[in-house]
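J.: Work out the full structure: start from the sequences and follow the hints.
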Amino acid sequence: MANVPATVDFSEALVRQIAMDVGKQVVDHIEGQYPRMFEHVSQASASLSIRNTAYNAIMEAVKAANNGEVEQMLKRHDEHRRTLRKLRKVARG
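Mapping the sequence shown onto this note's numbering, position 33 (from 1) lands on 27, and the numbers just tick up by one.
Don't read these hints as lab results, they were simulated from the structure.
A couple of the hints might just be wrong.
Using C-beta positions, here's what the derived DEER-type ranges look like [as the list claims (entries may be wrong)]:
1) R86 to V35: 16 to 26 Å
2) V64 to G87: 28 to 38 Å
3) S43 to E6: 17 to 27 Å
4) A38 to N61: 26 to 36 Å
Here are the simulated DSS-like pairs of lysine-lysine, each with C-alpha atoms no more than 27 Å apart in a straight line [to be verified]:
5) K69 to K80
6) K57 to K18
7) K83 to K69
8) K57 to K69
These figures come from a predicted structure and were not determined experimentally.
Even for Gly, the Cβ is constructed at its ideal location relative to N, Cα and C.
T.: This is the structure we're talking about:
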């Protein structure tokens, strides 16, 4: 990745717009690729949850990057995902 600047200075408002747009793209993708999912849950509620999860993850990543804490954030997320997988496995029996 030659000639990539070390940092890019976006305004917070622009980052929020980008994060929200990505969240909406994720929802659109899921609605298009997995339409039957919404037969089992409230489409409005699920869409809002998915969109906001993507938005929050992006905003957290930006904050971590600005604070030089990306590696710690990624480690925390990995540990959290492993814990959730284990809990789901136990819950399924």
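J.: With reference to the structure, classify each hint as holding or not holding.
T.: Hint-by-hint comparison with the structure:
{"no.": "1", "hint": "R86 to V35: 16 to 26 Å", "verdict": "holds, 18 Å"}
{"no.": "2", "hint": "V64 to G87: 28 to 38 Å", "verdict": "holds, 37 Å"}
{"no.": "3", "hint": "S43 to E6: 17 to 27 Å", "verdict": "holds, 23 Å"}
{"no.": "4", "hint": "A38 to N61: 26 to 36 Å", "verdict": "holds, 34 Å"}
{"no.": "5", "hint": "K69 to K80", "verdict": "holds, 17 Å"}
{"no.": "6", "hint": "K57 to K18", "verdict": "holds, 21 Å"}
{"no.": "7", "hint": "K83 to K69", "verdict": "holds, 21 Å"}
{"no.": "8", "hint": "K57 to K69", "verdict": "holds, 15 Å"}
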